[in-house]
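Asker: Per the numbering used here, the sequence shown starts with residue 248, numbered consecutively.
Hints are computed from structural coordinates only; laboratory data are not their basis. Errors might be hidden in some of the hints.
What the hints assert, rightly or not - Restraint-style ranges between C-beta atoms, simulated for each label pair:
{"hint": "1", "residue 1": "R318", "residue 2": "V279", "range": "35 to 41 Å"}
{"hint": "2", "residue 1": "R321", "residue 2": "V279", "range": "38 to 44 Å"}
{"hint": "3", "residue 1": "T297", "residue 2": "I264", "range": "30 to 36 Å"}
{"hint": "4", "residue 1": "N260", "residue 2": "T292", "range": "33 to 39 Å"}
{"hint": "5", "residue 1": "Y296", "residue 2": "I267", "range": "15 to 21 Å"}
{"hint": "6", "residue 1": "E315", "residue 2": "T292", "range": "32 to 38 Å"}
{"hint": "7", "residue 1": "K319", "residue 2": "F272", "range": "26 to 32 Å"}
{"hint": "8", "residue 1": "L302", "residue 2": "R261", "range": "19 to 25 Å"}
{"hint": "9", "residue 1": "Y296", "residue 2": "R261", "range": "26 to 32 Å"}
{"hint": "10", "residue 1": "G300", "residue 2": "G320", "range": "27 to 33 Å"}
{"hint": "11", "residue 1": "T292", "residue 2": "I269", "range": "22 to 28 Å"}
{"hint": "12", "residue 1": "V277", "residue 2": "V317", "range": "31 to 37 Å"}
Unchecked claim - Straight-line distance between alpha carbons at most 25 Å, and here's what the computed SDA-like set of lysine to any residue pairs gives:
{"hint": "13", "residue 1": "K319", "residue 2": "I308"}
{"hint": "14", "residue 1": "K319", "residue 2": "N260"}
{"hint": "15", "residue 1": "K319", "residue 2": "S266"}
{"hint": "16", "residue 1": "K312", "residue 2": "L274"}
{"hint": "17", "residue 1": "K319", "residue 2": "L274"}
{"hint": "18", "residue 1": "K312", "residue 2": "R261"}
{"hint": "19", "residue 1": "K312", "residue 2": "T297"}
C-beta: ideal position from N, C-alpha, C; glycine also.
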Amino acid sequence: MSIIRPKRKRTKNRIFIDSIFIAYFILLVVYVLNGQYWQVDMVGTIVEYTAFGLLLVIAGIIIYKIIEQVRKGRSS
């Protein structure tokens with residue numbers, strides 16, 4: 248049982264990380280399109296602030312997950 252459980256956790260983490268990278272990619276596309284094609288300043292600043300905030304949240308989640316993995320690795 249102890250061999251099966253970590254595999255399940257790893258697959259969940261992989262799905263989670265993949266979804267984070269997909270969200271990051273979408274944000275990058277929106278950010279690039281915003282910088283090139285959108286001329287409205289208010290909309291641009293709103294998109295920039297929301298994208299920046301979401302990127303900060305995503306970075307925090309990734310750092311937290313890495314720390315969690317390191318702790319699991321040291322304990323086992």
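Asker: Each hint: holds or not?
Answerer: Hint by hint, here is what the structure shows:
{"no.": "1", "hint": "R318 / V279: 35 to 41 Å", "verdict": "holds (36 Å)"}
{"no.": "2", "hint": "R321 / V279: 38 to 44 Å", "verdict": "holds (40 Å)"}
{"no.": "3", "hint": "T297 / I264: 30 to 36 Å", "verdict": "violated (22 Å)"}
{"no.": "4", "hint": "N260 / T292: 33 to 39 Å", "verdict": "holds (35 Å)"}
{"no.": "5", "hint": "Y296 / I267: 15 to 21 Å", "verdict": "holds (20 Å)"}
{"no.": "6", "hint": "E315 / T292: 32 to 38 Å", "verdict": "holds (35 Å)"}
{"no.": "7", "hint": "K319 / F272: 26 to 32 Å", "verdict": "holds (27 Å)"}
{"no.": "8", "hint": "L302 / R261: 19 to 25 Å", "verdict": "holds (21 Å)"}
{"no.": "9", "hint": "Y296 / R261: 26 to 32 Å", "verdict": "holds (30 Å)"}
{"no.": "10", "hint": "G300 / G320: 27 to 33 Å", "verdict": "holds (31 Å)"}
{"no.": "11", "hint": "T292 / I269: 22 to 28 Å", "verdict": "holds (25 Å)"}
{"no.": "12", "hint": "V277 / V317: 31 to 37 Å", "verdict": "holds (32 Å)"}
{"no.": "13", "hint": "K319 / I308", "verdict": "holds (16 Å)"}
{"no.": "14", "hint": "K319 / N260", "verdict": "holds (13 Å)"}
{"no.": "15", "hint": "K319 / S266", "verdict": "holds (22 Å)"}
{"no.": "16", "hint": "K312 / L274", "verdict": "holds (21 Å)"}
{"no.": "17", "hint": "K319 / L274", "verdict": "violated (31 Å)"}
{"no.": "18", "hint": "K312 / R261", "verdict": "holds (11 Å)"}
{"no.": "19", "hint": "K312 / T297", "verdict": "holds (22 Å)"}
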